[in-house]
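*Asks:* Spelled out, the chains give:
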Amino acid sequence: MTPILGLLMLLGVALGAVATGLPVWGILIGVANLGAALAMLTGAIEPGIFFALPNRVVGLLESDLLQALPLFAAMGALLNRLPLADTLFRAGLGVSGGRPTGAPAAALMLGAVLGPMNGSVSANAIALTRSVEPALTRRHVRPADRIALIAVASTLGVLVPPSLVLILLGDAMMTAHTIALNSTGRIARIVNTQDVFRGAMLPAALFLGACLVIATVRGLRTRGTSTLRERLSPRDWITAGATLCFIATLLAGVASGAFYAVEAAAMGAVGLCLAGWLGGGLDGPRLRGALDDTIAMTGALLALLIAATTFTLVFRILGSDKLIASWMSAAPGGPLGIVLLGLGLIALAAFVLDAFEIIFVLIPIIMPPMLMRADDAVWVAVLTLLVLQTSFLLPPLGYALMMTRSAASAAAPLGAIAKSLAPFLIAQMLIVAAVIAWPALTHPGRSSQAIAAQPTASEADIQQRFQQMMPPPLEMPDLGPPKL
Amino acid sequence: MAQFVAVIDRFIQASVDAARWLALPLVAILFLQWPLRDLVKAGSREANDLGQCLFALYVAVAVTAATRAGRHLAADTLAHHFAPGTRACLGRVLGLVALAPWAVFLLVTGFSALLSTLAQLEAFPDTSNPGYFLVKACASLLALLVLLQAIADILRRDAPACGAQEPCKAQEP
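Going line by line, the protein sequences match chains L and D. Read in the numbering used here, the first sequence has 157 at position 157, and its numbers run on one by one without any break. Read in the numbering used here, the second sequence has 126 at position 126, and its numbers run on one by one without any break.
Derived by calculation from the structure, the hints in this document are not laboratory data. None of the hints are false.
Per the computed footprint, the stretches of chain L lying under chain D, defined by three or more beta-carbons under 8 Å from a beta-carbon of chain D, are:
(1) 14–23
(2) 294–302
Here are a few chain D residues that face chain L, going by a calculated C-beta distance under 7 Å:
(3) W34
(4) P101
(5) T109
Just so it is clear, CB atoms sit at the ideal spot from N, CA and C, and this is done for glycine as well.
Please put together the full structure from these sequences, using the hints given.
*Replies:* Here is the structure:
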């Protein structure tokens, strides 16, 4: 009975969030409260088991990786207030010589360049709409094409390191992989955020290349448009060049392991602050506004994470994760079958949950059973990123799509936008298929046999160990009951 | 009652106004970690511990700051049809059955650990640097601010509750 209660809780979160419009973190906590109360009232669970919660919250507050959240939020807030994105875009137009294909290509490149600095899809969508849309309008690009192009560009940062989605997924994968390895008895290095960064690079480059081809072909069809040249001052060229060099250094540093993602994010934030101060664009009111945005955005993310931690604690105490794991293990098709099933669940969830909710709530539940069967954790992580990126773009609820539509100056029918997005989505799905067919794409320079460790346990052993590995979280029995 | 709510509001707003500036030293300290570790070869662990304290304090206030700014992630598919009063009522219910009980639970179950860490001024276990008690205490501070905000929202009569948010534009973290 109790495992089913957990599944009802999942359903309750989805229904409660959609039906009430209340903050999702509150819904998660409310449903967790209700589930815990029901389980205690029926005598299925001892109340003391929930005393693990304060330690779990402390665990979040002392996480090194989560320190990146305010840094990314600060970068997003600063980008919204500084003219840097605009300068970069105009430099891209200047390089293209004002050709009709130049504007879409420059928009995509700007998304790829700003994505790692920004981290947030919404901040990317807003910054790109502000910088790119007027230029596209001047070049007579249709509103639906503008929205589709900007939405695609704003999601490029999901795959290009060190983006926020990538960092948080890397952290969730590390936990899930640890559980999977302990359950199966396999001996392998536990995947980390850096592995996911490196694994995502080639698929990200392939998708960016495909998008550039699509945008160029589309631009060639608008040959009738007069050539519009951008005039940039020497200072603009220097700013654009310095920014590109700075970003390239950050990416190279993270990819080579010279510094951690958190440090790279801090460097990005410091770089933006310095650029703002030196350029005179970051005065007192703008700084205060950016700081207000930063604390609110950080709070929204952490609230969601804390609520998801509460929810998954109750979910696991109820044993619902084991139930899902046993269902998933029954999927036909071996490791590939279970991975496809998991990715399908993520894609379905993306219709009602955004990427962060999926990473915080769904990944911890479905990823351990996936990684128990699939040896290559980096491959699974990159596939998850690709599916998440696609979910941002899927009409009608794709998050990047919604953000771009609301930020755009001119409205366009959803059908026209969907038609304009179709080639990008097809390209995305082809890349997903390619990564499924050739896992080596996520390990450039290495053979997949060299990466994957073979399972050393039978199916029955895996099930048994998983049951033992994931008991109700009892890491806090020492706290004891409260002394009132 | 209105005066009580006003006092709570002022306290929370003062906390948010002060905490927002913590982002600057946090960025600076985390930025300095790399040169301290790889160039100076000293002080990076101290910077890391100090960064953890600042981060915990910042986050403890940030959750409530997001509530007051109406920035929590919310699905507005159906709710944009609701009247403001309905949304305000839903927000009060959320505070009453979800946020306030959760915050009280955190405060009560974490109380003995809070007293213990404060009494011994617990240091960071890996480095023995002082200040770990601040990280632990921030969990209780977070819960306290959530509780106070929920109480203010439940008791507020002259405005829609903060929990019932406007449509979710620009709310994606």
